[in-house]
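One-letter residues, chain by chain:
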Amino acid sequence: GAVVSQHPSWVICKSGTSVKIECRSLDFQATTMFWYRQFPKQSLMLMATSNEGSKATYEQGVEKDKFLINHASLTLSTLTVTSAHPEDSSFYICSARDTSGRDFARGQYFGPGTRLTVT
Amino acid sequence: RKEVEQDPGPFNVPEGATVAFNCTYSNSASQSFFWYRQDCRKEPKLLMSVYSSGNEDGRFTAQLNRASQYISLLIRDSKLSDSATYLCVVNKGSGNTGKLIFGQGTTLQVKP
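Line by line, the protein sequences give chains W and V. The working numbering applies: residue 183 is where the first sequence begins, and numbers increase by one. The working numbering applies: residue 5 is where the second sequence begins, and numbers increase by one.
It is possible that some hints are incorrect.
What the hints assert, rightly or not - From chain V, some residues computed to sit far from chain W (all C-beta separations above 10 Å):
no.	residue
1	G20
2	R63
3	A71
4	S87
Unchecked claim - Only some residues are given here: those of chain W computed to face chain V with a beta carbon under 10 Å:
no.	residue
5	Q220
6	K223
7	M227
8	Y291
Because the hints were derived from the structure by calculation, they are not lab data. Being a predicted model, the structure only gives us computed values, none of them experimental. Each residue gets a CB set at the ideal place from its N, CA and C atoms; glycine is no exception.
Isolated chain W, as found in the complex (with noise of 0.2 Å):
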């Protein structure tokens, strides 16, 4: 099955510091990723969406010059948590769609996550 990667799996940093995720679809080609953030004991919230080679698309309430999104390729979508705090310490997660989007039910697959944690 199709799979989407994330790296790095973890990460601890200092706050003020910036931090970049990477989210690769490793046999497919993605026009369209998504960014979900997921804090303790509380669901996925959709981010923001990443577009191949336009601006991505915030949910409201979501920061765009804090969270900087860069979908450069059809297989590369970086989001740049920038000078993080420690509120920012949250699970990460994205997600990529078949560019076919012939079976939609089938067609979103998630990375494994990001866990970042802000000190």
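Go by the hints and put chain V onto chain W.
Just chain V now, kept in the frame of chain W:
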């Protein structure tokens, strides 16, 4: 009101039991519905899509009631390995946007 609401549980059941989870959603224009399973500290994995006619996959049965905006998941003959959090998921808005709205999740613990 949350866009997707679930009873967080936990549901503690013995092996072999039948357990049902319910979910309601607020957007009547939603067209795609799913149940995902999430294990502790892992990414969600698609369990099954939910269709208006109802659908079954082995021990799992999903039902959708569009009029009531209600989705259910029935698990028969529970196994220890079914212990996880079950997420009710609805597509955001209408059409095939790919944006998913997740419920809070219902935690199931199957005990020997």
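These are the hints, each one checked on the structure:
1. G20: holds, 28 Å
2. R63: The claim stands: R63(V) keeps its Cβ more than 10 Å from every Cβ of chain W (closest is about 19 Å).
3. A71: holds, 22 Å
4. S87: Non-interface label stands for S87(V): nearest chain W Cβ at 16 Å, farther than 10 Å.
5. Q220: With a closest approach of 9 Å, the Q220(W) hint holds.
6. K223: This hint holds: K223(W) lies near chain V, its Cβ roughly 8 Å from the closest one there, short of 10 Å.
7. M227: This interface hint holds because 8 Å falls under the 10 Å limit.
8. Y291: Holds: closest Cβ of chain V sits about 9 Å from Y291(W), inside 10 Å.
Every hint, counting from the list given before, is met by this structure.
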